[in-house]
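2 protein chains.
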Amino acid sequence: MSGTLYGVGLGPGDPELITRKAARLIEKATVIAYPALAGEASLARSIAADLIPETAREIAMNIPMTVDRGPAQVAYDLAAVAVRAELDAGRDVVVLCEGDPFFYGSFMYLYARLKAEYAIEVVPGVTSMTACASVAGLPLSARNEVVTILPAPIFAGSETDGGPARVLEQSDTVVVMKLGRHFGVVRAAIDAAGLTDKAVYIERASTPHEVVLPLSQAPEKAPYFSMILIVKGADPWL
Amino acid sequence: MSGTLYGVGLGPGDPELITRKAARLIEKATVIAYPALAGEASLARSIAADLIPETAREIAMNIPMTVDRGPAQVAYDLAAVAVRAELDAGRDVVVLCEGDPFFYGSFMYLYARLKAEYAIEVVPGVTSMTACASVAGLPLSARNEVVTILPAPIFAGSETDGGPARVLEQSDTVVVMKLGRHFGVVRAAIDAAGLTDKAVYIERASTPHEVVLPLSQAPEKAPYFSMILIVKGADPWL
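Note that the protein sequences, when read in sequence, are chains A and B. Heads up, the first sequence is in the numbering used here, so the first residue is 1 and it goes up one at a time. Heads up, the second sequence is in the numbering used here, so the first residue is 1001 and it goes up one at a time.
Don't take every hint at face value.
[Stated by the list, open to error] Each computed BS3-like pair below joins lysine-lysine, with the alpha-carbon atoms no more than 27 Å apart:
id: 1; chain 1: B; residue 1: Lys-1221; chain 2: B; residue 2: Lys-1198
id: 2; chain 1: A; residue 1: Lys-115; chain 2: B; residue 2: Lys-1232
id: 3; chain 1: A; residue 1: Lys-198; chain 2: B; residue 2: Lys-1232
id: 4; chain 1: B; residue 1: Lys-1198; chain 2: A; residue 2: Lys-115
id: 5; chain 1: A; residue 1: Lys-28; chain 2: A; residue 2: Lys-115
id: 6; chain 1: A; residue 1: Lys-198; chain 2: A; residue 2: Lys-221
id: 7; chain 1: A; residue 1: Lys-232; chain 2: B; residue 2: Lys-1115
[Stated by the list, open to error] Derived Cβ-Cβ restraints for the label pairs, each shown as a range:
id: 8; chain 1: A; residue 1: Gly-180; chain 2: B; residue 2: Pro-1208; range: 52 to 60 Å
id: 9; chain 1: A; residue 1: Thr-4; chain 2: B; residue 2: Gly-1157; range: 30 to 38 Å
id: 10; chain 1: B; residue 1: Ala-1116; chain 2: A; residue 2: Ala-38; range: 22 to 30 Å
id: 11; chain 1: B; residue 1: Pro-1053; chain 2: A; residue 2: Asp-77; range: 49 to 57 Å
id: 12; chain 1: A; residue 1: Gly-180; chain 2: B; residue 2: Ser-1046; range: 37 to 45 Å
Calculated from the structure, these hints are not laboratory results. Every residue, glycine too, gets a C-beta built ideally from N, C-alpha and C.
Model the full structure from these sequences, guided by the hints.
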């Protein structure tokens, strides 16, 4: 009988924000897989490090970070081969995922390759989005407020279609994720919409390297794991 | 010295989806508060039941479910008085919150009333949104896809302004939350947008009463704790 594939959300970075279910699956795992950027330590592995049994077999999935998607797709093909061998041998595989596996998570690439043939269980995790709201002391949404999540790359070259500008104007709460090298153009769009005063910048929420600042005081450069929260709702409880 | 107020997210319903941080805070709590709808058992308390110490003092916040906001605001005023008394006596108070405290959560009403005077820590939790995606086997968003979250009540009477219809047309992923009595009008709008085939209905994700169905096969009536996920993205990994 084939093993089961578990896609396990680890939350935003603080090991204490791992769920009890994820912790138990990791603690009793015989095979653990995780993404690692070529040449770097795996962030996912570091979040779960205190739970990984010494006896577990580890599969590091080396994913190249290129704008062209081809190389990453090949890397997921290779990872699927390695995971498949374990499942076929009857061993369960626990895949470690930063945040939530199905919310901008890389687990879905493995999921797509294996879902037709194997039993797969996805364990949801705390997203960086609500972790950022918590550390910023900023309730994201109440009652009938609309929340829109915009990955930063869509701001690049969007001057003509107006998509992000319309969202900034119309949505009650806007979450801009994955700032990285698009931080400048995002910042300019928020400024043009007159929303800089309502924008909060958060970097690496819930980790020792956490940064929380009004957008107007944010540094020039932002890492990939950073976001901006814009909450327009007036205090909705008064 | 005053106590600290903890707003603790419990996740979508499965006690195993409570984070380790939330579990530890609850296990050592001396005072625990939670919302309860008038005359009913508290859902939040039931999720955390196995963790609550027998010795803990419990504060049930009786919140009326009325369309008019006035009575609920009075209830939160009263709850704040009770919580304040504990904090002033130097005792920490752990408030149990379904899902995530700052994502359509009622904790923010208490937060607004007490944040100026007391130390408050918010512990994020797994949202029902990603839990629904997990049980539906439906990745919510990849790469640069835009996600919009629409509370169902905004569909009522929106024929004229076109807001929800525009979101259904333009957003890559649409999450419609809190269906309840607005299920009919939401369903009609999704049908009019030609998206019924891409819509999945989920009720009480991660609980023993979980329901996952294509929207076309969903029951006539939906509870408050239900949602629809519409994911338009083609398999983005192939």
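* Asked: Among the hints numbered above, which are violated by the structure, and what are their numbers in rising order?
  -> 3, 8, 9, 10
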